[in-house]
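Taking the hints into account, I'd like the entire structure generated from these sequences.
Protein chains in written order, with our numbering: chain A, 550 to 747; chain B, 218 to 480.
Please keep in mind that the hints were generated in silico from the structure rather than gathered at the bench.
Source: prediction; values computed, not measured.
In this text, a Cβ means the ideal position worked out from N, Cα and C, and glycines have one as well.
Some hints here could point you the wrong way.
[What the hints assert, rightly or not] Which bits of chain A does chain B cover? Going by a derived footprint, with three or more residues having C-beta under 8 Å, they are: (1) 649-660; (2) 667-673; (3) 682-691; (4) 708-714; (5) 721-734; (6) 737-746.
[What the hints assert, rightly or not] Computed Cβ-Cβ distance ranges for the label pairs, DEER-style: (7) 243/B <-> 648/A: 44 to 54 Å; (8) 243/B <-> 669/A: 33 to 43 Å; (9) 630/A <-> 243/B: 44 to 54 Å.
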Amino acid sequence: MTNQNTRPIVIIDLNSGNLLSLENALKENGENVRRIARPEDHHFTGDELIVLPGQGRFAYVTARIDELNWRHFLNRWLAEGGHLVGICVGMQVLFEGSEEDPESQGLGFLKGRCQRLNHAKTPMIGWAKLDSYKLNMKDQYAYFVNSYAALNSPYATAKVNYGDSFCAAVQKNSVYGFQFHPEKSGRFGRELLQHVCG
Amino acid sequence: MSVVKSPVLSDLAVRIIPCLDVAAGRVVKGTNFKQLVDMGDPIELAQKYQQQGADELVFLDIKASIDSQASALEMVKKVAMNLSIPFAVGGGIKNIEDVHRFFHAGADKVTLNSMALAQPELIDNIARHYGSQSIVVAIDVNLEPDGSHAIYSHGGSRRTNLNYQHWLNEVVTRGAGEILLTAMHKDGTGSGFDCDLLAAFGTNFPIQVIASGGAKKTKDFLDAIQAGADAVLAAGLFHRNEYTVGEIKDYLIQNNIPIRTTL
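Listed below in structure tokens is the structure:
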């Protein structure tokens, strides 16, 4: 297989965590992977796949989105049908907000707010089997690390139970969200990334 | 309607975690932390365990205080480049800068033991910077001749004056994400995990407990999980090829334990 036809991948580096594993996983699909801090650091053609990772608090991630000038850019990108993958808190900020930091505004691309998982042991740490109708996720085990999640969305493509049933994955047009970490989810996760990068 | 298996809704699988004790760039194994025997190359072993279905790996640099930290960081980078499952590293962490370096090199979690005892505020500090999920506090507990439980530091060589129950509570309060509990009186003995200690946590304990120390047979894993362990860690029995991770998992699946399988 050649990498001629895969779209360029741009990872947004909000400095909220370790991106080495993710970058490494994405590079398995081709060498055309860039990590940038601000939208002006890359000449976007519209054909890119933007990867929005997020670790840390909801407020931290949304504050970094503002400080680094991403909010307006991402809103337009999403409105114009651009390709994007949000991972963990990067998926949560696609929603309107989160109980973790009620004052902070998400991007609001998806309706609804994230809530704290109703389980004695939080964060949820570990592997859970996905309940999905999508053949590339159905019955696969994915690695989760989160205390908050969106419980419901008409765009949910996979769900998992932890205290509550929540959205493990969402998809709306060419925008994907994964509450789990595909880059840490073994071969399944790598194949899933390959699929969304295609 | 399917039968409700657990009082709390949870799809989490019980994790099987091989532990790699590393000294001078090699995986080693000793009994009661002594008499080290060479067990192989860390990257090769890590990949082998990942292939067998390991859910996570723990690397403990047991001679970190003597070796330079540069070699440990180099190993962490190589591991991160070659694994697609999460891993924790521990040994030789003295301050938040060391923690930054390990995370920057690609580690998902750090494991604190002696440093958590010497400088418990380091737990709060890491939790603030990286979140609770990134800290595992390792607790080496020993059943003393008088029947009490003592906490040890420095690879099990120094007894502390801490009260076991108080230390558990403090670790949770300060923001640890998981506890790695090693029963020293069981470690390397092959007499099974200490199930009484595990059962004492109960289902409402606020963080996950990884059981370590004493596994010899498949049944030992089952007993620990049924006693309440959220994950089980073992070293020697995997390194000596007595069991593969897959064999342990097959046995647990046959006994209706929720275990991650790979399709």
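Each hint tested on the structure:
1. 649-660: violated (count 0)
2. 667-673: holds (count 6)
3. 682-691: Answer holds; 3 residues pass the 8 Å Cβ test.
4. 708-714: holds (count 6)
5. 721-734: Satisfied; 4 residues make the cut.
6. 737-746: holds (count 3)
7. 243/B <-> 648/A: 44 to 54 Å: holds, 47 Å
8. 243/B <-> 669/A: 33 to 43 Å: Holds, at about 40 Å.
9. 630/A <-> 243/B: 44 to 54 Å: Taking Cβ atoms as reference, residue 630/A and residue 243/B lie about 53 Å apart, which means the hint holds.
Violation of the numbered hints given earlier is confined to hint 1; every other hint is satisfied by the structure.
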